[in-house]
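> Each chain is listed here by its residues.
Number of protein chains: 4
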Amino acid sequence: MDKLIITAALTGAEVTREQQPNLPITPDEIAEAAYEAYQAGASLVHVHARKPDGTPTQDIEVYREIKEKVAAKCNIIFQPSTGGAVWHTAEERIQPALLKPEMASLTAGTCNFGPDVFMNTQEYMESFAKVMMENGVKPEIEIFERGMIDNALRMVKKGLLKTPIHFDFVMGVPGAIMGEPRDLMYLANSIPQGSTWTVAGIGRFELPLAVMAIVMGGHVRVGFEDNIFYTKGVVAESNAQLVARIARIAKECGREVAAPDEARQILGLVK
Amino acid sequence: MDKLIITAALTGAEVTREQQPNLPITPDEIAEAAYEAYQAGASLVHVHARKPDGTPTQDIEVYREIKEKVAAKCNIIFQPSTGGAVWHTAEERIQPALLKPEMASLTAGTCNFGPDVFMNTQEYMESFAKVMMENGVKPEIEIFERGMIDNALRMVKKGLLKTPIHFDFVMGVPGAIMGEPRDLMYLANSIPQGSTWTVAGIGRFELPLAVMAIVMGGHVRVGFEDNIFYTKGVVAESNAQLVARIARIAKECGREVAAPDEARQILGLVK
Amino acid sequence: MDKLIITAALTGAEVTREQQPNLPITPDEIAEAAYEAYQAGASLVHVHARKPDGTPTQDIEVYREIKEKVAAKCNIIFQPSTGGAVWHTAEERIQPALLKPEMASLTAGTCNFGPDVFMNTQEYMESFAKVMMENGVKPEIEIFERGMIDNALRMVKKGLLKTPIHFDFVMGVPGAIMGEPRDLMYLANSIPQGSTWTVAGIGRFELPLAVMAIVMGGHVRVGFEDNIFYTKGVVAESNAQLVARIARIAKECGREVAAPDEARQILGLVK
Amino acid sequence: MDKLIITAALTGAEVTREQQPNLPITPDEIAEAAYEAYQAGASLVHVHARKPDGTPTQDIEVYREIKEKVAAKCNIIFQPSTGGAVWHTAEERIQPALLKPEMASLTAGTCNFGPDVFMNTQEYMESFAKVMMENGVKPEIEIFERGMIDNALRMVKKGLLKTPIHFDFVMGVPGAIMGEPRDLMYLANSIPQGSTWTVAGIGRFELPLAVMAIVMGGHVRVGFEDNIFYTKGVVAESNAQLVARIARIAKECGREVAAPDEARQILGLVK
Ligand SMILES: [Mg+2]
Ligand SMILES: [Mg+2]
Ligand SMILES: [Zn+2]
Ligand SMILES: [Zn+2]
Ligand SMILES: [Zn+2]
Ligand SMILES: [Zn+2]
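Chains as they are written, first to last, in the working numbering: chain A, 1 to 271; chain B, 1 to 271; chain C, 1 to 271; chain D, 1 to 271.
Here chain A stands alone, though its shape is the one from the complex (with noise of 0.2 Å):
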């Protein structure tokens, strides 16, 4: 079974300081929770930037210093995204795979968000895959259904991604699959051998899911983006204690966490 490659996702688009005290906002609080995430453990970073006033933005250059502070911390995988909020154009939400990063986000259809829809029409899909081939960014399926699993092997078979593909299973969205355990291993059961993938288990479902993907030889995400608690009710201190529960947890199932560089074996990213 190959180590275990953490990933936190930092930020996300929706979550508020209100909610979560400690949410990273500014490209500098961004670094710095990344780097207390790569001393816990996480090999990855998954980045949503925010202007100053914590309102989502997909500005490149925003992300363009969040990259620079977060390289000139620790080695760790920048993964911008390009989900963006749910308001944000295509346009927009590709701007930071324009900065070349390693990896970026690519959610592969469209679903209801509670109250919104997620708009990732084939369209979008198809012309976010083609920048990334261009651009040299492995991209980071994100998988909300079933279905999303398909849309990409169609991208596939048109060229327009390579395999093997790296998936995210985002779980337990209002609006799209549910997080029981059983969902995830119909999905894990559902991808072409060879692929690696990631849960991202939402909210209640974050660590259950994890602790699966742990012994089931897939890969773990947490962070704000996707869970504020620690444990129920228990706002969680940061990032980092999130992601270092996951590697004390790895660690008692006797499975290794991947260093940023093993992580970049693992998902090919080592030319």
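Treat the hints as calculated values from the structure; they're not laboratory data.
Being a predicted model, the structure only gives us computed values, none of them experimental.
One should not assume that every hint holds.
Note that identical chains are pooled: a pair holds if it fits in a single copy or bridges any two copies.
[As the list claims (entries may be wrong)] Quick list of in silico lysine-lysine cross-link-like pairs, BS3-like style, CA-CA up to 27 Å:
| # | residue 1 | residue 2 |
| --- | --- | --- |
| 1 | Lys3 | Lys251 |
| 2 | Lys232 | Lys158 |
| 3 | Lys73 | Lys3 |
| 4 | Lys251 | Lys232 |
| 5 | Lys3 | Lys162 |
| 6 | Lys232 | Lys157 |
| 7 | Lys251 | Lys158 |
| 8 | Lys162 | Lys232 |
| 9 | Lys251 | Lys73 |
| 10 | Lys162 | Lys100 |
| 11 | Lys157 | Lys73 |
| 12 | Lys100 | Lys251 |
Put chains B, C and D with the ligands on the given structure of chain A with help from the hints.
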């Protein structure tokens, strides 16, 4: 095991006469197709209205005419679509439910539909459910992905849907859940006990999923909306031809086909 | 999808004339039943020998006579049982494999069989596999429980079995794995890619599991060994009648039925 | 989710001092190991008796001595084995149930056990169940294969077992069901609602299956009977060391560990 309810989805919103020369379009054609399907074993007819030129319409008057013409021929259960075409507004889509039919379809979430998006926001769903409840219409909950089951269950909690729910698993649409046997097993195991379900496999998935439903205790939808072929490359002669095959297979499998009043009992439509 | 191999399990070791008046017992009756099954669509015949009084026997001479009489009538694949009756010794059970038939059954583990125990120790299995390999006999690996698949794979590792394996899932025996659709899905997903499989549902499980196999790409075994009824409470007229129904359903499902030489290709029996 | 019941299977019938130098053998050693396991978080102890030379025995007097010595140290639930060693007779195996312990194990079917056969005919099972019912002993139903669940349910129908049943899934024995995550998911989905279950993964399957059970709402058995290693190639110091790791992981996962009286509540042992 309950008797088998066969639904005929006669027309849909997308198929054209060019693709399927036998497509029923006018109210008279649709009523005649419903009657033939009834004679072949269908107890429920899922209807999309069209203008005389074949364009999809949600005009209540066209639905009224179809409803009356169908009722004049046989006692098949009449279930208009509130899905309409992907470009219809929510207000247009709900029109046929105002005719107080016994049932109407209600799609429980948003997904890609090939290059289009089939929009069913939480707001749409809830408003549709409310109109149906006020008009005594039993919704058939259309499920294109796993998460839509939970969307429906959330409406139950809000008092917008009554249980037991009747689900229709629409499987194999490009952009939504696949149509492999294991996908159907998964969905069928994801609904509350006491629910009823139908499967509508799209294209090449229609027949194998129908056959699985026959032996699993589910129900079956066939028709030109989902599949225009009788065998590979051979366009079906009529909706009734597709219905008749399912009735024959059910008979071979020792499962009796429900007449409309038996279907009403199974679906709880009888007052 | 490969053409469908229908196996007729004509006689078994347990069914009596009292239960099933049309049970073939003598070599002539068995050969005639094999021929009728062949005409109805079977390409493989699974044979248990009986003494004239109906007692099960593993006597090589009786099997020889049956083998010759079957071959005189048609080119159906001849597969004697090495399961015998639960009270046969291992030495008795292996006898028919010495006739160098194209195939023979090989049960891959021990389980309860109603009040009896069907003994297939590791020692039995391995000795049977060795005899079959030496005699150029392809085993059909009989699976009554999940763990038996791994028993077979361990024999592959020891060089006692060649891949691809052909499995037969015997489902619904009291004491062994159940015969619900989800049980078949589970077993079919538990074998190595490239394997072939047949399902033999016992009693009321025969028909639904057969139908699932048709659409899942598996193969089907029917016959008096597994099920004596045509419909609930109605004893079947002949093994051929059970075969013919499967052939008709397969045809309705658009799956062609394999002739014996086509089955040989699928099973790798052709030199 | 109920609190987690951790069972310590201290000794088993097969492990030797040569393999595991810390194996408890004498009643004093077993009682001390039970007490240590209790302190580490176990609320139930599964016991096999041994003679002073290490040979397995089902002698009621040895079990009586162990039972008393355990009870003198702590209030852990005492569950003797009626499995014994593969060569024990049924009469020997049932002896410890005559001591009227709160629970005893009852294996619900026959399977290979490496080169041996673990014999549990219908007759054995039913006689064991009867003795347990007469003596007020709650059986823990040991499941080595899917079909054993149905064997148990048949005993419920015959009035030989009460519901809700407590199952123990023993997974990864060579000859019986495998221990992959999907195998546990399958078994856990195959028991009646309202049942409770524990998983006992054998060897390398112990830890991953335990972790899955923690997040799936099952319970966990560990101990030298199932696995003698702490990490790959490193022999465990004590049964308590294995228990303590599960307790730590459960705590990290936010699942509380049940004290013996809490376990009695969950298992319905409280009068
Ligand atoms: Mg889904
Ligand atoms: Mg099994
Ligand atoms: Zn994100
Ligand atoms: Zn429709
Ligand atoms: Zn046989
Ligand atoms: Zn034991």
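> Between the shortest in-copy and the shortest cross-copy C-alpha distance, which are at most 27 Å for Lys3 and Lys162: within, between, both, or neither?
within (23 Å within a copy, 34 Å between copies)
> Check Lys251 against Lys73 for me: Cα-Cα at most 27 Å, and say if that holds within a copy, between copies, both or neither.
Within. Shortest intra-copy distance 25 Å satisfies the 27 Å Cα cut-off; inter-copy 33 Å does not.
> Checking an output row: Lys251 and Lys158, CA cutoff 27 Å. Within, between, both or neither?
neither (41 Å within a copy, 35 Å between copies)
> Between the shortest in-copy and the shortest cross-copy C-alpha distance, which are at most 27 Å for Lys3 and Lys251: within, between, both, or neither?
both (11 Å within a copy, 23 Å between copies)
> Is it within, between, both or neither when you check Lys251 against Lys232 at 27 Å Cα-Cα?
both (23 Å within a copy, 13 Å between copies)
> Using 27 Å as the alpha carbon limit, work out where Lys232 and Lys158 are close: within a copy, between copies, both or neither.
between (45 Å within a copy, 24 Å between copies)
> How would you classify Lys162 and Lys100 at a CA-CA limit of 27 Å: within, between, both, or neither?
Within one copy, since 17 Å is at most 27 Å while 49 Å is not.
> Are the CA atoms of Lys100 and Lys251 at most 27 Å apart within a copy, between copies, both, or neither?
neither (33 Å within a copy, 41 Å between copies)
> Is it within, between, both or neither when you check Lys73 against Lys3 at 27 Å Cα-Cα?
Cα proximity of Lys73 and Lys3: one copy only (23 Å, versus 42 Å across).
> One pair to classify: Lys157 and Lys73, alpha carbons no more than 27 Å apart. Within, between, both, or neither?
Answer is neither; intra-copy 39 Å and inter-copy 48 Å both fail.
> For Lys232 vs Lys157, is the C-alpha pair at or below 27 Å within one copy, between two copies, both, or neither?
between (44 Å within a copy, 23 Å between copies)
> One pair to classify: Lys162 and Lys232, alpha carbons no more than 27 Å apart. Within, between, both, or neither?
neither (40 Å within a copy, 31 Å between copies)
Consistency with the previously given hints fails for numbers 7, 8, 11, 12, ordered from lowest to highest.
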